[in-house]
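What follows is the residue order along each chain.
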Amino acid sequence: MDHLEQLENKSIYILREAYANFKNLCMLWSIGKDSTVLLWLARKAFFSHVPIPLVHIDTAYKIPEMIEYRDKLAMEWSLTMIYGQNEEALKAKRTFPDGNADRITCCRLLKTEALVNTLNGAGKRYRLNLETGKYEVDTNTEPYTGVIVGARADEEGSRSKERYFSPRDQESIWDIGDQPPEFWNQYKTDFAPGTHVRVHPLLDWTELNIWEYIKRENIPTVSLYYNQGEGKRYRSLGCYPCTFPVESDAQNVDEIIEELKTGKFANIAERSGRAQDKDDGGGLETLRRDGYM
Amino acid sequence: MKEQMNIVIAGHVDHGKSTIIGRMLADTKSLPEGKLEQVKANCKLNSKPFEYAFLLDALKDEQAQGITIDSARVFFKTEKRHYIIIDAPGHIEFLKNMVSGASRAEAGLLVIDAYEGIQENSRRHGYMLSMLGIKQIAILVNKMDLVNYDPKVYDAIVKEYREFLAKIDVEPKCFIPVSGREGDNITSSINHMDWYQGDCLLDILDDFEKEKPDFKKPFRFPVQDVYKFTNKKDDRRIVAGNVESGSIKVGTEVVFYPSGKRSRIKSIEGFNIDPKDTAYVGESAGFTLEEQIYVTRGDIMTNAAEIKPEVARRLRLNLFWMGKEPFVKNKDYFLKVGTTKVRCRLEEIHRLINASDLNSIQSEQVNRHDVAECTLQLNKAIAFDTVDQIATTSRFVIVDDYEIVGGGIIKEPLEDKLAWVRDKVILRNYKWEKSIITEDQRAEKYNQKSVMIILTGPQKVGKKEVAKSLEANLFNDGKWVYFLGIGNVLYGVDADIKKQDNAENRQEHLRRLSEVGHLLLDSGMILIVTAVELTQDDLEIIKTTIHPDKIKVVWVGDELTTDVSFDAKVPGLMDVDESVVKLKTILQDNGFIYKPW
Chain Z
221 MDHLEQLENK
231 SIYILREAYA
241 NFKNLCMLWS
251 IGKDSTVLLW
261 LARKAFFSHV
271 PIPLVHIDTA
281 YKIPEMIEYR
291 DKLAMEWSLT
301 MIYGQNEEAL
311 KAKRTFPDGN
321 ADRITCCRLL
331 KTEALVNTLN
341 GAGKRYRLNL
351 ETGKYEVDTN
361 TEPYTGVIVG
371 ARADEEGSRS
381 KERYFSPRDQ
391 ESIWDIGDQP
401 PEFWNQYKTD
411 FAPGTHVRVH
421 PLLDWTELNI
431 WEYIKRENIP
441 TVSLYYNQGE
451 GKRYRSLGCY
461 PCTFPVESDA
471 QNVDEIIEEL
481 KTGKFANIAE
491 RSGRAQDKDD
501 GGGLETLRRD
511 GYM
Chain R
324 MKEQMNIVIA
334 GHVDHGKSTI
344 IGRMLADTKS
354 LPEGKLEQVK
364 ANCKLNSKPF
374 EYAFLLDALK
384 DEQAQGITID
394 SARVFFKTEK
404 RHYIIIDAPG
414 HIEFLKNMVS
424 GASRAEAGLL
434 VIDAYEGIQE
444 NSRRHGYMLS
454 MLGIKQIAIL
464 VNKMDLVNYD
474 PKVYDAIVKE
484 YREFLAKIDV
494 EPKCFIPVSG
504 REGDNITSSI
514 NHMDWYQGDC
524 LLDILDDFEK
534 EKPDFKKPFR
544 FPVQDVYKFT
554 NKKDDRRIVA
564 GNVESGSIKV
574 GTEVVFYPSG
584 KRSRIKSIEG
594 FNIDPKDTAY
604 VGESAGFTLE
614 EQIYVTRGDI
624 MTNAAEIKPE
634 VARRLRLNLF
644 WMGKEPFVKN
654 KDYFLKVGTT
664 KVRCRLEEIH
674 RLINASDLNS
684 IQSEQVNRHD
694 VAECTLQLNK
704 AIAFDTVDQI
714 ATTSRFVIVD
724 DYEIVGGGII
734 KEPLEDKLAW
744 VRDKVILRNY
754 KWEKSIITED
764 QRAEKYNQKS
774 VMIILTGPQK
784 VGKKEVAKSL
794 EANLFNDGKW
804 VYFLGIGNVL
814 YGVDADIKKQ
824 DNAENRQEHL
834 RRLSEVGHLL
844 LDSGMILIVT
854 AVELTQDDLE
864 IIKTTIHPDK
874 IKVVWVGDEL
884 TTDVSFDAKV
894 PGLMDVDESV
904 VKLKTILQDN
914 GFIYKPW
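Which chain is which? The protein sequence lines are Z and R, in order.
Numbering of the first sequence is given in the working numbering, commencing with residue 221 and proceeding in unit increments.
Numbering of the second sequence is given in the working numbering, commencing with residue 324 and proceeding in unit increments.
Treat the hints with caution; some may be incorrect.
[Unchecked claim] Computed Cβ-Cβ distance ranges for the label pairs, DEER-style: (1) S511(R) / E285(Z): 49 to 57 Å; (2) P363(Z) / E360(R): 42 to 50 Å; (3) N244(Z) / Y603(R): 28 to 36 Å; (4) N244(Z) / T553(R): 48 to 56 Å; (5) N438(Z) / E360(R): 39 to 47 Å; (6) E613(R) / N438(Z): 27 to 35 Å; (7) L842(R) / N438(Z): 46 to 54 Å; (8) S511(R) / N244(Z): 40 to 48 Å; (9) P440(Z) / K892(R): 50 to 58 Å; (10) Q361(R) / F464(Z): 17 to 25 Å; (11) F464(Z) / D711(R): 52 to 60 Å; (12) P363(Z) / K490(R): 49 to 57 Å; (13) G810(R) / V357(Z): 26 to 34 Å; (14) V357(Z) / L842(R): 37 to 45 Å.
[What the hints assert, rightly or not] Below, computed lysine to aspartate or glutamate pairings styled on EDC-like, alpha-carbon distance capped at 20 Å: (15) K325(R) / D222(Z); (16) K352(R) / E475(Z); (17) K352(R) / E479(Z); (18) K325(R) / E296(Z); (19) K555(R) / E296(Z); (20) K292(Z) / E475(Z); (21) K400(R) / E437(Z); (22) K599(R) / E225(Z); (23) K496(R) / D468(R); (24) K918(R) / E726(R); (25) K539(R) / D600(R); (26) K599(R) / E475(Z).
In case anyone wonders, no lab produced these hints; they're calculated from the structure.
Glycine included, each C-beta is placed from N, C-alpha and C at the ideal position.
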């Protein structure tokens, strides 16, 4: 069994543990390569089915290709697709692109707050009707008690301290100093009412592993990851006002893998195109403590 | 693709783990571009001397406290392979983090400060690594620069620590004298110590061997779940889990434990995979079975031709405790072994081993950070292996108040008073001649799931009245239902044993009642049984004979006269109608019969 197969098997095990133990479970799908690999792993774990709702936080500033791709796959794979957003902040124009908030505040409002409220059911959830292809307000407002997330330990410092099953309290706060033990294949699958657990099946994967798996499995990805002839591609996807493409000639998965292995990105952090990381002196930790993914 | 190996680095607080890793990253040029310069500049800014350990302090919290609070992971590679170095905290308060980090490792580095010598956690971590199942361990005697690279200091530590390891049956791979600060013996053997002839750390890492999977061990497959996803017209019923040991081929006869039920592997399922006929250890697999049998999460699927797992409800085990509250008697905990989760109690502490010096102590409780050998009592039998047979299926954790508070390995199964009943049940299941009609088909046909409702309570509270009234009510709804008073088996089925005047006869009487019940439940029926003042011990016999999922116990009347644990209480004679309504609601809420609203 090679390393990629080992990673795959462990992730599948974790997904099934989550499914067996949490009644109200959802999976975050950012449309990026990591959470798309996660979605693919769910199809592996559940033999082509995805019995877990997928939640996307739509900041309204996502690159349009991302939304198109999301809805296309949702229809094709019969996904239970849910999205939520911070309608209040958007209405009041309290955003960075509107000039009324700095990047970090904008992230907190459009991502963290929207996410927390979509998960706890306080905010509106829109659900894709697979018959009509249109989104409708979801009648289910029960809080999700298990949230599967595609975070990887190698992304940046704070994520390297995550557990596979990581508890968050009522306020979604992450207590890094006092995390539950996790050993062998036993995880924290018991939780007190009001708290929820974040599940991280991709914790041991690297950016390179992700691309190698995309190649092996032939997983469909958004075109934004590839150079379309302008010498630029996105290495990490986010909102268009704050995410910038990197200079790269890589036009397909093979070229991206080559670039990551030997090329100029071998020693440069993946999130270097994300402006909000630089505005927060402590990396993403401050945001993550408050519930950012 | 290069192979990958997880290495844990452990040891007492401040013995220099982070410095060693920092040095290794810097000297092998494994740091992200500009990181070293950035950290150095930061130190200058705050006018403090640069230390290699700072490279690892990814979190603000950590820098403030100056100790590793969690197991940080560091990526690093050599010509031979990729490494993930897991930096386990040395502070005793963070033992649970150390354990979390260490359990992911295939090999371990244990750091001992040459100047300070062997400390409490040097020993404790050594013991924990061995308990967690890490077989390859190298000991780094660090800070040799502080003892003037004196071989005598080094030799003394090697001797003392080797003796300690021998007591816990650990044979270390090697000892290396190093200095993280000065870089001696980290990535090169050229150093201040000509008296040391061995390899440097980097070479030792590459010398660790990947553990090869042993396909010859008995097949063990703890069931994670049974899936039947009906959308897209999928009619597969898939038993899912991870192969923890051995391998299995399509067509092999399999036995599930603790029940003893048999079937045969029909196919190996997967999404986006090539068809295959064998599943091996390490694979998260899925199987369909030839004959449909009742299988649930927590069962272990085994190869009928191979050695059986143990089935028991009393276990002797070694455990380490991490809970804030001590492990005590007369309190309920949960035990998790593989995918099984069962309620348990501490029966006896045989000895408490002080992990740091291995002395045994008598005690009535196991305190935080203690290691103990004890006996546990479970509220039902589970399947497992002992640690000397198959390590992966002998490992357990204990859960208290939603938290994992302890972990360890099962040493041996112990006798219990229900073993005689269980043995009969396992044999009965094993020998069972299966019908071609499945349980699911019966449930669909009769529009109900089979269940045994046991009404118990004092004499003359209306048990039979309620039972018969419920039977009539369900019968009128078109359900397939039957009332069975306990006396109805006494003179026929039990004709050969005397009246229930002694304990032994009473137990056999209950076992036979349960076996009759089992037959009727297997036929898809809803069975209503009445029995006077059932005790918890009585109920245990029934639950050993019939799957506990198929039993609902109801207490009739106001006065509680036994210790039996029940699912509901009804008034009985005082209000028969209300009793019946309540019982129907229980059946509906648990999905045994349809809930029309």
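Going through the hints against the structure:
Under the hint 49 to 57 Å, the C-beta atoms of S511(R) and E285(Z), about 50 Å apart, fit the expected range. Checked against the hint of 42 to 50 Å, the pair P363(Z) and E360(R) passes, with Cβ atoms roughly 46 Å apart. For N244(Z) and Y603(R), the Cβ-Cβ distance of about 35 Å falls inside the hinted range of 28 to 36 Å, so the restraint holds. Between N244(Z) and T553(R) the beta carbon distance is about 21 Å. The supplied range of 48 to 56 Å is therefore violated.
For the pair N438(Z) and E360(R), the supplied restraint of 39 to 47 Å holds, since their beta-carbon distance comes to about 41 Å. Distance hint for E613(R) and N438(Z): a CB-CB separation of about 33 Å, consistent with the stated range 27 to 35 Å. Distance hint check for L842(R) and N438(Z): the Cβ-Cβ separation is about 52 Å, which falls inside the suggested range of 46 to 54 Å. Remark: the range hint 40 to 48 Å for S511(R) to N244(Z) is contradicted by a beta-carbon distance near 55 Å.
Separated by about 56 Å at the C-beta atoms, P440(Z) and K892(R) satisfy the suggested range of 50 to 58 Å. Separated by about 22 Å at the C-beta atoms, Q361(R) and F464(Z) satisfy the suggested range of 17 to 25 Å. Taking the beta carbon of each, F464(Z) and D711(R) are about 58 Å apart, inside 52 to 60 Å as hinted. The hint said 49 to 57 Å for the Cβ distance between P363(Z) and K490(R), and at roughly 51 Å that hint holds.
Take G810(R) and V357(Z): their Cβ atoms lie about 59 Å apart, and the range 26 to 34 Å is violated. Checking the proposed 37 to 45 Å range against V357(Z) and L842(R) shows it is violated: the Cβ atoms sit about 51 Å from each other. A distance of roughly 9 Å separates the Cα atoms of K325(R) and D222(Z); the hinted pair therefore holds under the 20 Å criterion. Proximity of K352(R) to E475(Z) is assessed by CA-CA distance (about 25 Å); at most 20 Å being required, the pair is judged violated.
Taking the CA atoms of K352(R) and E479(Z), the gap is about 19 Å. The hint holds against a cut of 20 Å. A C-alpha spacing of about 35 Å is found between K325(R) and E296(Z), which places the hinted pair above 20 Å, so the restraint is violated. Restraint check for K555(R) and E296(Z): the C-alpha separation of about 12 Å stays at or below 20 Å, so the hint holds. Our distance criterion of 20 Å between C-alpha atoms is broken by K292(Z) and E475(Z), whose separation comes to about 25 Å.
The hinted pair formed by K400(R) and E437(Z) fails the criterion: a straight-line CA distance of about 26 Å is larger than 20 Å. Our distance criterion of 20 Å between C-alpha atoms is met by K599(R) and E225(Z), whose separation comes to about 15 Å. Annotation: proposed proximity of K496(R) to D468(R) is violated, straight-line Cα distance about 23 Å (limit 20 Å). Only pairs whose Cα atoms come within 20 Å are accepted, and K918(R) paired with E726(R) is rejected, the gap being roughly 35 Å.
Distance hint between K539(R) and D600(R) is fulfilled; the C-alpha atoms sit about 17 Å from each other, no more than 20 Å. Of the supplied pair hints, the one linking K599(R) and E475(Z) is violated, its CA atoms being roughly 31 Å apart against a limit of 20 Å.
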